[in-house]
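**Q** Modelling step: build the complete structure from the supplied sequences, incorporating the hints.
There are 2 protein chains.
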Amino acid sequence: MSRRRTAFFISDRTGITVEKLGRSMLSQFDGIEFNQVTLPFVDSIEKAHSAVNRINQAAMEDGRRAIVFSTLIVADIHNVIEESDALILDLFESFIVPLEDELGIQSSHAVGRPHETGIHYNERMDAVNYALNHDDGGISRELERAQIILVGVSRSGKSPTSLYLALQFGIFAANYPLVPEDFENKSLPAALKPLLPKVQGLTIQPERLAQIRAERMPNSRYASLENCRKEIQQAEALMLSANIPMLDVTTISVEEIATTLLHQTGLKR
Amino acid sequence: MSRRRTAFFISDRTGITVEKLGRSMLSQFDGIEFNQVTLPFVDSIEKAHSAVNRINQAAMEDGRRAIVFSTLIVADIHNVIEESDALILDLFESFIVPLEDELGIQSSHAVGRPHETGIHYNERMDAVNYALNHDDGGISRELERAQIILVGVSRSGKSPTSLYLALQFGIFAANYPLVPEDFENKSLPAALKPLLPKVQGLTIQPERLAQIRAERMPNSRYASLENCRKEIQQAEALMLSANIPMLDVTTISVEEIATTLLHQTGLKR
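The listed protein sequences correspond, in order, to chains A and B. When the letters of the first sequence are read in order and numbered with my numbering, they come out as residues 16 to 284. When the letters of the second sequence are read in order and numbered with my numbering, they come out as residues 16 to 284.
These are computed hints drawn from the structure, not numbers from a lab. Check the hints yourself; a few may be wrong.
For identical chains, the list gives no copy identity; a pair is met inside one copy or between any two copies.
[Unchecked claim] Simulated pairs of lysine-lysine, DSS-like, Cα-Cα distance not exceeding 27 Å:
#1 Lys62 / Lys35
#2 Lys35 / Lys283
#3 Lys62 / Lys283
#4 Lys208 / Lys283
#5 Lys245 / Lys201
None of these values were measured; they are calculated from a predicted model.
**A** What follows is the structure in structure tokens.
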């Protein structure tokens, strides 16, 4: 008998949070093949009925009821989903009721309530544009506006981390590559020197770097293990001599790099 | 009496999911000022004890117990947090137990379990580099590799949306500005014509665009309401004549724009 199960992530908004949470829960169960389906913007009774049809259809095909992770604020919509033949794990139901008890007031049960104010949103978008303009050593103008400046060898994860810091947390992040010229001079790029307290280093194990670079430029000197080893050694020596903190990113994701940097620098999310 | 309460978001990993979920829950309660604190990487008994100290300290200062949203997989760490004087809402406890019952197997309770495979992670990073290289009409080479190409006037949200699609979903996204030259020619940029089925338009209300542009270049012609109105009118006419679907982004966040586009195009997350 197949162990295949279908899991739905259902939200009246984007579904990003419930999908992340649901995937992380399911990853705790080995040996079961989960067919994962996200249904965002389920914000009307009609869409809820159509979701129920899909849920019941999947149960028929799998020969087992589906698992539904949901975050549905409006009771009427939630009630429709409850009619399906599935295990329903609803974030709001699980948490809003104990919160109402604790706080002694009713929740507003307001769908589409903005999660952030307009001002904060504009700041995040400004931060994204800043990160784009100050990616890979581009535009020295306004470099002093950066809250953090990442350095490291090419493909050590500086760009994705800068963009993630901007998009997720509204942090003004610039990044600068360390290149052979810096190693010869045994000195940081001149633009960075007055901003040293903001500089954070990323480093990576040579084997992993060679693998990443080879995907882009197979069989190149750039991607060779020997060259990667040399560049990393020189970059680490440079960072060490300039007292720049270093984070080894070999086994961690961009989300973890970004969060670790915030944590270490004390920058506010 | 002050209604101030402290809420903690505690995770053994980055805390991003639990923070998002917690903030969204708290936003359902009007009239209470929440002091919100994220404690990521609580992955040892020592760190758990130090978190408990902070939780109890906050309760003393507020004169009410704190609220803790947590996602702690390791039972020993979770148990330490349970000793605090707080309302604990734990994601794993609320969902893992019913899942174990439903699936008939034990969860692995493994901390730091990667949420995605290495291959998927590499794809996301490739997508970020692609979005960086194909931002704002940069590099036409490999444009056909794009899964989606966003067009719209300057500052309509194309860049943040492309980057979010890449970072969050591993989608290869390019973006192209629509500029006065295109309007004069009454024609899309030549590079886009063979790729029309991948093109999606963003549009925005002139008042909002003028506001966004004024933050960057106050009192400029670029930011004037008159100019914004004209550009948007011309851009919409061009998109309409080329049969490009248009999304009005005036009141929605970059997360919502990205999710809506995926939903409309059927691109897989």
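**Q** What are the numbers of the hints that this structure violates, sorted from low to high?
**A** none
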